[in-house]
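Chains G and C, in that order, give the protein sequences.
Counted from 1, the first sequence has number 139 at position 32 by this note's numbering; the numbering is strictly sequential.
Counted from 1, the second sequence has number 33 at position 31 by this note's numbering; the numbering is strictly sequential.
One or more hints might be untrue.
[Said to hold, decoys possible] Here are the simulated distance ranges between beta carbons:
| id | chain 1 | residue 1 | chain 2 | residue 2 | range |
| --- | --- | --- | --- | --- | --- |
| 1 | G | 124 | C | 72 | 41 to 49 Å |
| 2 | G | 170 | C | 71 | 35 to 43 Å |
| 3 | C | 12 | G | 148 | 36 to 44 Å |
| 4 | C | 58 | G | 124 | 33 to 41 Å |
| 5 | C | 10 | G | 184 | 33 to 41 Å |
| 6 | G | 184 | C | 58 | 40 to 48 Å |
[Said to hold, decoys possible] In silico negatives: residues of chain C with every beta carbon more than 10 Å from chain G:
| id | residue |
| --- | --- |
| 7 | 22 |
| 8 | 46 |
| 9 | 69 |
| 10 | 85 |
| 11 | 116 |
Derived from the structure by calculation, the hints contain no laboratory data.
It should be emphasised that the depicted structure is a prediction, and the values quoted were computed from it without experimental measurement.
Built from N, CA and C at the ideal position, the CB exists for glycine as well.
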Amino acid sequence: KAGVTQTPRYLIKTRGQQVTLSCSPISGHRSVSWYQQTPGQGLQFLFEYFSETQRNKGNFPGRFSGRQFSNSRSEMNVSTLELGDSALYLCASSRGGVGAYNEQFFGPGTRLTVL
Amino acid sequence: AQKITQTQPGMFVQEKEAVTLDCTYDTSDQSYGLFWYKQPSSGEMIFLIYQGSYDEQNATEGRYSLNFQKARKSANLVISASQLGDSAMYFCAMRRDSNYQLIWGAGTKLIIKP
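Using the sequences and the hints given, assemble the complete structure.
Next comes the structure, spelled out in structure tokens:
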């Protein structure tokens, strides 16, 4: 069974540009969550999508947005990039049922560098 | 407020020794889950072990076990017989039944010495 895939793996952008990251979940998984990891702030939750609907959202500005397609693939978009957006962006997929136990399987991440 | 605290920024352990990584949490929810993940230098998060708030027995997965003390709100990870490949960042995380996001600790960098 294929794992979670994220593309691209590495990305370099300049301030003011926008970027789109992609995540393909494990087959059969309907939930996709996105996390930002930085040395200063650690791991922070961005948002979660389940069956094409945003189910939960973290405390990030509106420049960060996402969507999920009918095949459960998800994209995350960051507009008007700032230097502080440089981070490892991790995507995780799970079956998405209710309850605390929903093991999340992570992709390898996309490392975004903003110059 | 929900919070995860990992008080050990880094640890050095001799190969084959057991190691305990500390994790305390704060939540007013009754139903929640606690997770431990390993993150090697490659960056990918690897799920290690899960403990539910209503589980009466400590979770175990191979060389990993979770020392769950609910009254003290602690969920320490124990790795028995450490190996060089265990060198990595280790994160404790919590998820409530009422919410779907994982709340993360700051992590502990574990280095296994040969």
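Against the structure, the hints come out as follows:
1. 124(G) / 72(C): 41 to 49 Å: 48 Å, holds
2. 170(G) / 71(C): 35 to 43 Å: 41 Å Cβ-Cβ, so the 35 to 43 Å window holds.
3. 12(C) / 148(G): 36 to 44 Å: 19 Å, violated
4. 58(C) / 124(G): 33 to 41 Å: Hint violated: Cβ distance 52 Å, outside 33 to 41 Å.
5. 10(C) / 184(G): 33 to 41 Å: 37 Å, holds
6. 184(G) / 58(C): 40 to 48 Å: At roughly 44 Å between Cβ atoms, residue 58(C) and residue 184(G) fall inside 40 to 48 Å, so the hint holds.
7. 22: 21 Å, holds
8. 46: 5 Å, violated
9. 69: Holds, since 19 Å exceeds 10 Å.
10. 85: Residue 85(C) is indeed farther than 10 Å from all Cβ atoms of chain G, at 22 Å.
11. 116: 27 Å, holds
In this structure, the hints that do not hold are numbers 3, 4, 8, in rising order.
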